[in-house]
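Novice: Produce the entire structure from the sequences given, and follow the hints as far as they go.
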Amino acid sequence: MKLRLQLRFTRLPYTEVNIWKDPEAAAYVRSVADGNETVPTVSVAGTALVNPSLRRLREAVRTRAPHLM
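Numbering (the working numbering) for the sequence shown: 5 to 73.
One or more hints might be untrue.
[To be verified] Distance ranges between label pairs, derived from CB positions:
1) Thr14 with Gly39: 25 to 33 Å
2) Glu20 with Glu63: 16 to 24 Å
3) Pro70 with Pro27: 31 to 39 Å
Think of the hints as simulated: they come from the structure by calculation, not from any bench. Backbone N, C-alpha and C define an ideal beta-carbon position, used for all residues, glycine too.
Specialist: See the structure below:
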């Protein structure tokens, strides 16, 4: 929840998905989080970040998708 709140104060575009209502999203999260349903799990240009800090997320965006900055 902390990351969601922090993202609201950035200009980074994002799409929120409820993994408990979307079986495909839940399967993806389990596949990148050692079988766990850890949220938040974020995908940046194909790179998964499990429970990242805002700083780590921004670094990934800067590296993998700078056009979103």
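Novice: Take the hints in turn and mark each one as holding or not.
Specialist: Evaluated hints:
no.: 1; hint: Thr14 with Gly39: 25 to 33 Å; result: holds, 30 Å
no.: 2; hint: Glu20 with Glu63: 16 to 24 Å; result: holds, 21 Å
no.: 3; hint: Pro70 with Pro27: 31 to 39 Å; result: holds, 33 Å
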